[in-house]
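Student: Sequence:
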Amino acid sequence: MTRSILLIFFLTILLNPLFAQQEKSVVTLTKDPAGLFKSYKFFIQNVEDQRPQPGAALGKVIALGREIPVVLAGKAENELFGYWSYLAPKKEQSYLPLYITIKELSVSEKRVGPNRVTGEVRLNVRFRWYRNMEPVELTGYQTAANYTRPETAFTHDKLIKQLVDQALSHFQKWMTSNGGKTSALARNLVLTFKEINNTASEDTVFYSPKRPLIWNDFKVRSAKPGSRYAAAVFTSFGYEGRSYPKGDDLVVEIGLKTFMVKSMSWGRPESRDAGTLRHEQIHFDITRLVVEKFKERLRKAELTFEDYDSEIQYQFLEAFREMNHDQEQYDGETGHGLNAGVQAAWDKKIAQQIEALYSVQ
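For the sequence shown, position 61 matches number 50 in our numbering, and the numbering has no gaps at all.
Don't read these hints as lab results, they were simulated from the structure.
A quick note: this is a predicted structure, and the numbers were derived from the prediction, not measured.
Even for Gly, the Cβ is constructed at its ideal location relative to N, Cα and C.
Some clues are possibly wrong.
Claimed, not checked - Quick list of in silico lysine-lysine cross-link-like pairs, BS3-like style, CA-CA up to 27 Å:
1) Lys20 - Lys92
2) Lys162 - Lys92
3) Lys246 - Lys289
4) Lys183 - Lys80
5) Lys99 - Lys183
6) Lys337 - Lys246
7) Lys338 - Lys183
As the list claims (entries may be wrong) - Label-pair restraints from in silico Cβ distances:
8) Asp298 - Ala212: 24 to 30 Å
9) Thr19 - Asn177: 37 to 43 Å
10) Tyr233 - Asn328: 45 to 51 Å
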C-alpha cells in the first residue's frame, strides 16, 4: 500500500515537473519579429507603472492546489518599455514621442473543481505625449480576458502577451484614424487671417478701399442732443475665431470685420459736404489700420495650444484701446476737421498707409 502511494506521487511529479518545482510563474514577453509594426508614426518615450503596487508582480495563479506568484522578468515599466519599443522602434525624429501609463496589469485565478481553474487577466493603460512641456492626453485601452484551464497547463502568460500586443495595436489604429482630425495630435499652431466683408446687413457698411463712405450711409440726419459737431461716424471692428486640425498643424483662423453702423452715424443736413465726409472717412480708415495692428499683435504674441483663445481676446482688447486712442488723437490734432492744414496732413498720411496695405494683399 505504501509502495502504491509513493508510485502515484512519483508519477505526479513526472507529469507535472513544472508545477512541482515552481515557486513562482515568470512571464516572458517573447519578442517575435512577426509582430513588428509595419506602419506607424510614434515611438515609446517612456512607460510608467502607476498600479497600486508597482514592480514585477502581476498577481497569483493556481499550481497543484496552491497559489504561486506571477511576475515579469523585471519591473513592469522596464519590461513593457523594452517590448513595445521592439514592436515599434524609433525610426524618425519627427515621430510622436509616446508616454504610456500602466494603470492596471494583473492576473488572478481560483480553483473551481478537480483539475479545473478559472482566471482573469486585466489590462488598463493610458497614452499621452508632451507638447511644449504640457501633457496631452490621447486615448486609453482597457480590457480583460477570462479563461478556464486544466490545472496542469498555464494559460495566463499567453493572454498577458496578447493583451499587451493589443494595447499598442489599439493606439496605432487610433492615431491612424485621428491623424489630421484632432488637435491633440497637432505639432504646430498656424495662425491665418481672412477679411469678412460680405455679410448681408442693411445697417452695416463693411470696409473696402473700393467703397468709400457716402452721405446716405449716415442714416441719422440730426446731431445728438447737445453736440456741436457737424457729423459723427460709428466705426468698429470684431473677429470670429475657429480652429481645425490640418495634417500636423492646428490652424487658428481669425475672421476680421471692419465696419460702420448706419443707424448710429449722423450728419447735420447743412454740414453734408465733401470735406466733412472726408474727415469721417479717415475715421473709418483708422479703424481698418488698427485691425492690421491687431493682426501684428497676434503674430508676435506667444499663442499656445492650451490658451491661445484667451491671448487672442486679450490682444483684441488692447487693439480696441489703441483704436480709441488713435481716433481721439486724430480728432484732437485736426480739431475735428476744422484745422485744414493738419487735416490735409492726416489725409495724406492715412491714404498712403491704406494704399500700401492693399497693394500687398
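Student: Hint compliance check: list the failing hint numbers for this structure, sorted ascending.
Tutor: 4, 5 and 8
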